[in-house]
Amino acid sequence: MVFEHEFIEYTHELIPVNWIVHGADHSAGTVLPHWHTSFEISYTYSGKIENYTINNVTYQTEPGTILFINSAEVHGAVSSYCADLEALTIQIPYEFLSKLIPDFEYMRFDHLPSGNLAQLNQLREVLSQFYHLVRREPEEFLELQLIRLTYELIYLMAKDWMHREKMPINSNVYQQHLGQMQPIISFIQNNYQQELSVGILADHFHMSTNYLSKLFKKSLGLSVMKYVQLVRINRGQELLLHSEKPIHVISDIVGFPNEKSFRRTFEDVFQQTPKKYQLDYRKKQNGRK
Numbered sequence: 001m002v003f004e005h006e007f008i009e010y011t012h013e014l015i016p017v018n019w020i021v022h023g024a025d026h027s028a029g030t031v032l033p034h035w036h037t038s039f040e041i042s043y044t045y046s047g048k049i050e051n052y053t054i055n056n057v058t059y060q061t062e063p064g065t066i067l068f069i070n071s072a073e074v075h076g077a078v079s080s081y082c083a084d085l086e087a088l089t090i091q092i093p094y095e096f097l098s099k100l101i102p103d104f105e106y107m108r109f110d111h112l113p114s115g116n117l118a119q120l121n122q123l124r125e126v127l128s129q130f131y132h133l134v135r136r137e138p139e140e141f142l143e144l145q146l147i148r149l150t151y152e153l154i155y156l157m158a159k160d161w162m163h164r165e166k167m168p169i170n171s172n173v174y175q176q177h178l179g180q181m182q183p184i185i186s187f188i189q190n191n192y193q194q195e196l197s198v199g200i201l202a203d204h205f206h207m208s209t210n211y212l213s214k215l216f217k218k219s220l221g222l223s224v225m226k227y228v229q230l231v232r233i234n235r236g237q238e239l240l241l242h243s244e245k246p247i248h249v250i251s252d253i254v255g256f257p258n259e260k261s262f263r264r265t266f267e268d269v270f271q272q273t274p275k276k277y278q279l280d281y282r283k284k285q286n287g288r289k
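Using the UniProt record's numbering, the letters of the sequence shown correspond one by one to residues 1 to 289.
What the hints contain is simulated information worked out from the structure, not anything from laboratory work.
Please note that the accuracy of each hint is not assured.
[Stated by the list, open to error] Calculated lysine-lysine pairs in the DSSO-like style (CA-CA distance at most 27 Å, straight line):
hint, residue 1, residue 2
1, LYS218, LYS245
2, LYS226, LYS276
3, LYS99, LYS159
[As the list claims (entries may be wrong)] Label-pair distances were calculated between CB atoms; the ranges are:
hint, residue 1, residue 2, range
4, PHE141, ARG264, 52 to 62 Å
5, GLU165, THR273, 38 to 48 Å
6, HIS26, LYS218, 26 to 36 Å
7, VAL21, ASN56, 37 to 47 Å
Here a beta-carbon is modelled for each residue, glycine too, at the ideal position from N, C-alpha and C.
Use the sequences and the hints to build the structure in full.
Spelled out as structure tokens, the structure:
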């Protein structure tokens, strides 16, 4: 997933939300920083996500953890293989919430809902019901059940965890900086195998290196080259787990100047050497067969 304005398609005619179910097979890897206009809920039903970042604040999830991501907040994740991961993402259109909640542009949700345990458990129960419904075979009146849960979920969030701000906080949905980033990020995604530097990127987009560096830091909280490294290591991790290519070949394919640089960056992201990460993943995969 790239750091750009992600256009989410809401394809179900009756149900006004989008959902994604996450399991062990896709637990290892990186979700590169990205944003979208929709409000997002991340619910860890079992297992854990080691490094979930929202607007430069990092969380580690465990069973029962709920995270709220407001519209246009940059978020991403890095995690190792987790055999018992079961998680749910629900995305609610900004326009839909605006119709339901008066002055929604002034409203904000804390990233990590906390406080009253009874309220939290009520929210977890609704999310668990939603998770089980979308995981099993479709049943009679599935749409009605999901619609009911969607409205109940929004009601609980608005009642217990919504705060009004003095200034519009969701007006950054179309903010200039995120819009400027899109073509730059797309270019990096398409050319990560080539030689890239702050100077090369600044020249290509007719910016000064200072302006480009500040733009990345303000929008993403990362330096330009740190993001380039994340894109490369994301692709390198995929090749490491799903190909038989040796590490020195992988490092060259994904644009690192040498194997040492690839190893150092990989260890920074995953806290393991590439070889140990690969062996641990395959051992856990074999254990599930």
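Structure-based check of each hint:
1. LYS218 <-> LYS245: It is violated: about 37 Å lies between the C-alpha atoms, which goes past 27 Å.
2. LYS226 <-> LYS276: Holds, at roughly 23 Å.
3. LYS99 <-> LYS159: With Cα atoms ~16 Å apart, LYS99 and LYS159 stay inside 27 Å; holds.
4. PHE141 <-> ARG264: 52 to 62 Å: 55 Å, holds
5. GLU165 <-> THR273: 38 to 48 Å: Hint holds: Cβ distance 45 Å, inside 38 to 48 Å.
6. HIS26 <-> LYS218: 26 to 36 Å: Holds: the Cβ-Cβ distance is about 31 Å, inside 26 to 36 Å.
7. VAL21 <-> ASN56: 37 to 47 Å: 27 Å, violated
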